[in-house]
Structure formats: structure tokens, C-alpha cells
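> So the protein sequences, as listed, match chains L and B.
At position 50 of the first sequence (counting the first as 1) the number is 49 in numbering that gives the first Met the number 0, and the numbers step up by one without a gap.
At position 170 of the second sequence (counting the first as 1) the number is 169 in numbering that gives the first Met the number 0, and the numbers step up by one without a gap.
What the hints contain is simulated information worked out from the structure, not anything from laboratory work.
Everything numeric in this text was worked out from a predicted model, so none of it was measured.
Among the hints, erroneous ones may be present.
Mimicking EDC-like on lysine to aspartate or glutamate, the simulated pairs with C-alpha atoms at most 20 Å apart in a straight line are [stated by the list, open to error]: (1) L:Lys-85 - L:Asp-226; (2) B:Lys-104 - L:Asp-226; (3) L:Lys-158 - B:Asp-28; (4) B:Lys-109 - B:Asp-43; (5) B:Lys-50 - B:Asp-28; (6) L:Lys-250 - L:Asp-226; (7) B:Lys-88 - B:Asp-28; (8) B:Lys-103 - L:Asp-198; (9) B:Lys-103 - L:Glu-160; (10) B:Lys-109 - L:Glu-139.
Estimated spans, in silico, between C-beta atoms of each pair [what the hints assert, rightly or not]: (11) L:Gly-243 - B:Asp-61: 22 to 32 Å; (12) L:Phe-136 - B:Ala-153: 54 to 64 Å; (13) B:Lys-70 - L:Ala-113: 35 to 45 Å; (14) B:Asn-35 - L:His-102: 36 to 46 Å; (15) L:Lys-85 - B:Lys-101: 46 to 56 Å; (16) L:Tyr-271 - B:Lys-162: 37 to 47 Å; (17) L:Ile-251 - B:Lys-162: 29 to 39 Å; (18) B:Lys-101 - L:Asn-203: 28 to 38 Å; (19) B:Gln-53 - L:Gly-243: 52 to 62 Å; (20) B:Ala-153 - L:Asn-183: 52 to 62 Å.
No residue lacks a Cβ here, since even glycine has one placed at the ideal position from N, Cα and C.
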Amino acid sequence: MKFMNALIILFLAANLVYSQSPVIKVQNAFQGNSQKPQPATFTFTKSIGGAESFLIDAGLGLNFDINSTTSFSAFGEYHRNSLVSKIQNTLLAGFALETLINHDYPKHDLNFAANYNNNLIDKTEAVQLTGEYTILFYDESKLNTFYPNVVCHIGNVLKLEYYPSIGFECESRFQCKNDSAKGNIIRALGKCKLVLYPDSSFINLKLEYFCNFEYRYDAVNSTQYSDFSHAYLQTGINYTIWKGEDKASVKISGSYSKGSNPLISLKEQEFYTISLLVQI
Amino acid sequence: MSDLKPQILALVKKTIGEIKGKTLESIPDNAIFANNLEMSNPDDIDKLVTKFSQFIRNYNKDEFVSYGDCKKLKGVDDCVKFLAQRVEKIEITKLVKEAINKVKKIPPEKLTDTATFSAMELTTLQKKALAAYYTEIVQKYKPNAFIGMSESVALKGVEDSVKLVMERIK
């Protein structure tokens with residue numbers, strides 16, 4: 000209830016801050032580099048006579064343009080996965096700001112987010128501040144020039160997109176079940192998402208391989224925990240069943256995940272997922 | 000675009016004068032066709048189509064004015080507004096194509112008016128970068144208006160980009 004109230008206040012505040020009509024977004028996450036957002040995922044299973052299980056990886060955001068190079072979002076996210084060995088159940092709500100600086104090339108894209116995080120499994124509440132940076136070069140569409148954040152061509156057969164970013168995460172845990180978990184953490188962050196797929200002019204195969212790697216290192220950690228290094232890998236294949244105009248699509252996705260993501264309280268583990276992804 | 004209006008007004012009055020055998024001075028700026036300038040005759044409408052198409056082709060050789068467009072026109076003022084809007088759309092389409100060339104090297108002459116961003120392979124960040132270039136176009140007409148990044152990300156191609164820019168400068 001407290002979380003819902005916070006979320007409503009955030010959305011109302013965002014409306015007051017800027018009166019331009021907002022764009023509503025539903026996607027996996029809002030913090031950090033949002034160049035290739037994953038669609039939201041929802042799964043609910045209730046076995047007869049048994050406990051229910053969930054996979055919810057979703058965020059709702061209201062996006063406002065402040066000017067032609069800066070946009071502001073108010074967001075709420077819910078990440079719940081009871082299908083894995085170390086259960087995740089986390090609520091987030093906050094604000095995000097994206098700004099694209101430099102009129103000429105290369106352009107610099109900066110993403111900042113400030114949010115409240117409630118880990119309902121560990122009974123930990125925290126305030127998080129994150130920042131991420133990525134770069135955009137002028138795209139001359141030459142074969143075999145592999146710039147980030149654009150579509151690159153590998154010969155006439157394959158296309159490659161990769162979205163790297165670097166950044167930081169500051170976390171202040173102010174409410175915890177035990178005092179040893181209380182404290183402040185500052186992490187350095189490196190991320191890269193890669194997507195590889197066949198060139199449709201060569202072969203009309205609706206298959207894509209993706210690999211998402213994130214690495215975090217605790218530069219400062221005043222809690223009693225000493226796991227400073229956090230790597231997270233998600234890799235798999237998406238097959239597009241249906242593609243409508245622009246971004247609308249239905250995909251079957253099979254992926255393998257290994258590692259931990261402390262930002263959304265995903266603990267160290269590995270698992271496979273097969274899911275249906277719907278993007279509108 | 001307002002500095003083109005006197006030129007368009009002169010062309011419209013000259014064309015109507017030639018069709019109806021009247022002098023330029025005898026046609027008021029706000030003349031209505033229903034009042035002694037009846038344009039229901041198909042030959043008269045064809046002449047309007049020919050003259051207006053010639054004018055439009057000065058801005059884009061592939062553009063033309065249709066019989067249906069001219070049949071709907073009700074008077075001098077209506078003709079001026081119609082031609083000014085068509086010229087404005089041609090100019091903005093040209094500027095939008097130049098803006099796309101600033102994000103991805105595609106010469107404007109190689110882009111059709113219906114080209115889509117997915118065919119051009121623009122990524123989300125490239126579409127966001129377009130917002131600043133579209134804002135440059137908008138601010139030529141309306142200094143305080145802008146196009147935001149979330150608006151440019153939602154665009155699908157040249158056609159709806161032109162529509163958005165024209166809406167913003169209204």
C-alpha cells in the first residue's frame with residue numbers, strides 16, 4: 000500500500016513538473032541505457048493444491064519531453080520470480096532523466112535515475128542513484144564499420160547491433176532485517192547488449208541471437224557483506240512469430256541467465272527461460 | 000512561408016482572370032467563385048489544374064495538383080491557402096530528408112516521401128538524435144516550439160515526420 004501511494008505521488012508530481020502530454024511506456028526496466036528495452040514479461044501459475052508461482056519483470060513509466068534533447072520519466076517497476084532457486088521480489092519507483100549532449104558528432108547520451116527500492120524477500124529498503132553513459136557516432140553505413148548504437152553490417156549476410164554503456168550505482172540501504180546489511184554502496188558499472196541477426200535481403204529468417212552482459216564492482220561498501228564483484232549474463236535466441244508495423248511483434252524466446260544483479264535484488268544463480276514476448 | 004503569399008495571390012488572380020476573361024484589378028483578394036466567377040465547368044477546373052501544377056513543379060518536379068483538389072476550392076483565398084500549404088509541405092519534406100541525412104548518411108534525393116525508419120535501419124538513439132534536427136526546422140517558423148525525443152522515437156518515417164513538424168508550426 001505504501002508503495003502504491005509512493006507510485007501515485009510520483010506520477011502526479013511528474014505531471015505537475017511538466018505539463019506536456021506524457022507518453023506511457025510498458026517495458027522491462029527504466030533505469031540506465033534504454034536503447035534496446037526488453038518487453039515486460041508476465042507469467043502466473045497456480046498448481047492444484049500447490050502454491051502459486053510468478054514471473055513478473057515489468058515496469059510502467061510516464062515519459063515527458065523537457066526539450067528536444069532531454070526527457071524525464073516517472074516509473075514504477077516490479078520484479079518477481081518465484082520460478083528460480085533464489086526467489087526475487089522487488090518493487091522500485093522513481094524518476095529518470097535522459098539527455099543527449101553535443102550538437103555535432105559524436106553525441107553523448109547520459110541517463111540518470113533516482114529511485115526507492117524495496118526488496119520484499121530480504122526486507123531491505125534502499126534509495127538508489129544510477130548514472131550511465133553511451134556514445135553515438137555519425138552513421139555512414141559503410142560495411143564493416145562497427146560503431147555502437149547503430150545497425151552494423153557484417154558483409155551482406157549478417158547485421159549486428161551492440162549497445163555498450165558505462166556508469167555508476169549508489170545505494171543507501173536505510174531499512175534492513177538485520178543491521179549488518181545497512182549501509183552505503185557505490186558500484187562501478189559496465190554493460191553491453193549485443194544482437195546478431197541475418198540480413199533479410201540475404202535470407203528471410205526471423206531469428207536473432209542476443210547477449211546481455213553486465214558487470215558491477217563495489218568500489219565502496221559499508222555493509223557487512225563482502226561480495227564486491229557482480230557479473231550477470233543473459234544470452235539466448237528470439238524467434239519472431241509475427242511482426243506488425245514498426246515495433247509491434249510476437250516472439251518466442253529461449254535464454255540462459257547466470258549471475259546476479261543487485262540493482263533489482265537478483266541473487267547469484269543460473270537458470271533457463273522459455274517465454275513468449277509480446278511487444279506493442 | 001508568409002513571404003510567398005503575395006506571389007501566390009498574384010498567380011491565383013492571374014489564372015482566374017485568364018479563365019474568366021477578367022482583369023486582375025476586378026478580382027478582389029477574397030473573391031468567392033460562387034459570386035460571378037463560377038468554376039464548375041470541367042474545362043475551367045482543368046485550366047486551374049494545369050496552372051497550379053506548373054507552379055507546384057517549381058518546388059518539386061514530381062508533385063502535381065489533382066482535378067479533385069481544384070474542384071474543392073471555393074475562392075481566391077482558398078486557392079492561396081491550398082497552394083501555400085502544398086509549397087510548405089514540399090519545403091518541410093526537403094528539410095526532414097536533410098535532417099535524416101544528418102543522422103545517417105542517406106542523400107535526400109535517395110529518400111522517397113514514404114520511406115520508413117525501419118527500412119533506413121535507424122536505431123532508437125538515432126531517432127532520439129533526430130529530435131534536435133527536427134526542432135531546428137520547427138524553430139525557423141516558431142522559435143519556442145520543439146520536438147521531443149519521445150516524439151521522434153515514436154515516428155515511423157518521412158511521412159509522419161513531415162506531419163508532426165507541420166502540426167508543431169501551426
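> Could you run down the list of hints and mark each one as holding or not?
Cross-check of the supplied hints:
1. L:Lys-85 - L:Asp-226: 16 Å, holds
2. B:Lys-104 - L:Asp-226: Violated - the C-alpha atoms of L:Asp-226 and B:Lys-104 are around 47 Å apart, more than 20 Å.
3. L:Lys-158 - B:Asp-28: 58 Å, violated
4. B:Lys-109 - B:Asp-43: 37 Å, violated
5. B:Lys-50 - B:Asp-28: Between B:Lys-50 and B:Asp-28 the Cα gap is close to 18 Å, so the pair holds against 20 Å.
6. L:Lys-250 - L:Asp-226: 36 Å, violated
7. B:Lys-88 - B:Asp-28: 23 Å, violated
8. B:Lys-103 - L:Asp-198: 18 Å, holds
9. B:Lys-103 - L:Glu-160: 15 Å, holds
10. B:Lys-109 - L:Glu-139: 14 Å, holds
11. L:Gly-243 - B:Asp-61: 22 to 32 Å: 30 Å, holds
12. L:Phe-136 - B:Ala-153: 54 to 64 Å: 24 Å, violated
13. B:Lys-70 - L:Ala-113: 35 to 45 Å: For B:Lys-70 and L:Ala-113 the Cβ distance comes to about 59 Å; the hint is violated.
14. B:Asn-35 - L:His-102: 36 to 46 Å: About 56 Å separates the Cβ atoms of B:Asn-35 and L:His-102, which means 36 to 46 Å is violated.
15. L:Lys-85 - B:Lys-101: 46 to 56 Å: Because 48 Å falls inside the window, the suggested range holds.
16. L:Tyr-271 - B:Lys-162: 37 to 47 Å: 45 Å, holds
17. L:Ile-251 - B:Lys-162: 29 to 39 Å: The hinted range 29 to 39 Å holds for L:Ile-251 and B:Lys-162, with Cβ atoms some 35 Å apart.
18. B:Lys-101 - L:Asn-203: 28 to 38 Å: 31 Å, holds
19. B:Gln-53 - L:Gly-243: 52 to 62 Å: At 41 Å between Cβs, range violated.
20. B:Ala-153 - L:Asn-183: 52 to 62 Å: 39 Å, violated
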